[in-house]
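*Asks:* Order-wise, the sequence lines are chains A and B. Using this note's numbering, the first residue of the first sequence is number 1, and each one after it goes up by one. Using this note's numbering, the first residue of the second sequence is number 1001, and each one after it goes up by one.
Since the hints were derived computationally from the structure, they do not count as laboratory data. Computed from a prediction, not measured in an experiment: that's the story for all the values here. For each residue, glycine too, the CB sits at the ideal point set by N, CA and C. A hint or two may mislead.
[To be verified] Label pairs and their in silico Cβ distance ranges:
no., chain 1, residue 1, chain 2, residue 2, range
1, A, M111, B, L1056, 22 to 30 Å
2, B, D1090, A, D88, 15 to 23 Å
3, B, N1057, A, R131, 42 to 50 Å
4, A, T139, B, K1102, 41 to 49 Å
5, B, R1030, A, V113, 36 to 44 Å
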Amino acid sequence: MNIKGQMSERFYRREFAIAGIFVILLIFVSGCSKSVPKCDDGKTVKAVINTVSEDFKKDLAAVAGMGAPGMELTDDEWRTIRAGMVIDLEEIREQSFDEAADKRICAANLMVVSGGAKELIPVTFVTERNRDSGEVKITLSGLDEFRESAYEEMPLPE
Amino acid sequence: MKMHYLKHWICLFQILAFIAGISGCKESSRHYAEIAENDVMSMMNEVEKATLAKDLNGVIKHMAPFVVINITMASDNSTLMQQRVQISRDQYEDELRKFFAKRSYHDYRIENAAITISEHRRSAIAEADILETIVMDEKETRTTTHQKSVLEIIDGKILVTSIDAIIVSGE
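One chain only, chain B, in its complex shape (with noise of 0.2 Å):
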């Protein structure tokens, strides 16, 4: 009766053992409270390294499904009207992978970081000039992008919930 009874709880203990397991493999990405300067900092490194490696799912993770993406074209001396364009997160994504399999040299670099964690600390306002170089079916194009993104806590994580880019200069 009473080796009935072990083997009950030996079975249990380990389904618990595999479920603590499960969990604590879920638990490996950090669950934020607060957001600090660092973690946007750390954030717009990685995203800056996954666009050089071509990593698609390493700049998109950090987005919110519903993020909202605003891309302006900025008005020259040859065009009175600036071009705006509001674009989902899988549109992105789609135009992401484009650009990626065609693209043969990319210089990404971020300059004038500035970033504004809000009073409750559950969101920040990031905003920075990128300047990128691309070599895509062997024409160079340099341009300059202001980008503001707004990032929150959702479901524990850092997301970006919407992002204005405004291409100021383009050759």
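Same shape as in the complex, but just chain A (with noise of 0.2 Å):
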């Protein structure tokens, strides 16, 4: 090899090694960095759907509640019902992220499918990482709304 070859191979040699460097950097910087999870994020998703699934829950055992007693939602009942239900975000979107208070605000549209039928109900929903715990917090708000308008009281006969 001459002495032209040899130097481009050093050369080449270096600019792969400081580019690993940098790659390796950039693995820590972003594994240490321990930032709210993005709207999207896997778990952030599953959170929320946990969320809508509880307070449907929540509804229900209340509606049964009003009967007579022995009419409450059981347990195996609630996993019959939820089987049949499909639970999901779609378009989902985000408002704005404010890296001082580690806190994201996002949106989306929750599908909800359940005995055939479609709902698309437009939410928000806050993700915040609690400073101490490192816990996520979620907040979700639209669902209360969209019960208020789908359910409104019926007037009664006179």
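Using the hints, put the two standalone chains together into the complex.
*Replies:* So this is what it looks like as structure tokens:
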């Protein structure tokens, strides 16, 4: 190999080493930063769906509880009902990210398929990390408003 | 040799100028970072004008492709239950096209408009009463609709992401 060839080989080796160091640094930096998960992060989506599911369960339990004693919603009954439902988030978007407060405000269309009927509910959810415990808290809104408009009290016949 | 490089540079400059021209045209519509009350008001006015001018695109262009539209017929003395229907943007566009084709007279007025901008200024809620007088097939109908719309910044544009329309009175 001539001198020119040796020089260029050395040059490429050095470039490769520098690039490698940068990649390692990037991995470290991204691994160390513990910002609150993104709006469409799998964990966030799962947490929102769980919150919705729990809310529906409470609603059903309240309705069942209004009947005669012993008519309460059992866990088995709820599991059967829940198995027949599809709850998912569509069109997830980030509205704002407050880096200082480690808080994201997100919006999405909540899709609920039950008994063959599909309903889309526009919701917003806030994800924020507790600085001390590191836990991520999710606050969902839009579901109550939907309930109010969808199940408005019927006027009683005179 | 110098002439050869010069030709290349001129050619490259022309390509760059062309790209800049295209992107300049693309950016002619405003790129929003925040929503202000005036932006919402001007959008409402644009929708009003487009509706009266039977400009379908002028109405639809303000809606996000995934907009959720809920239309509720409020209960009256004759019906105990309110009727509610959920439609997509495409379904709304179809209905509006049919409506524009059939109507012979349309008066559209916005009253009691109230705009709430979110703290982060990237979304807003616009509420208003829409008073309409429509003549279709020689039959006149007057309706009052309470409409609540959510607007968000999507890819730099202010778009409606949800509409809740409650037809409170009709005669």
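*Asks:* All hints are to be evaluated individually against the structure, with a verdict given for each.
*Replies:* Right, here's what the structure says about each hint:
In this structure the hint that A/M111 and B/L1056 lie 22 to 30 Å apart at CB holds, the actual value being about 27 Å. Range check, B/D1090 to A/D88: about 20 Å between beta-carbon atoms, so the 15 to 23 Å window is met. For the pair B/N1057 and A/R131, the beta carbons lie near 49 Å from each other, so the given range of 42 to 50 Å is met. In this structure, A/T139 and B/K1102 meet the distance hint of 41 to 49 Å, their C-beta atoms being roughly 46 Å apart.
In this structure, B/R1030 and A/V113 meet the distance hint of 36 to 44 Å, their C-beta atoms being roughly 38 Å apart.
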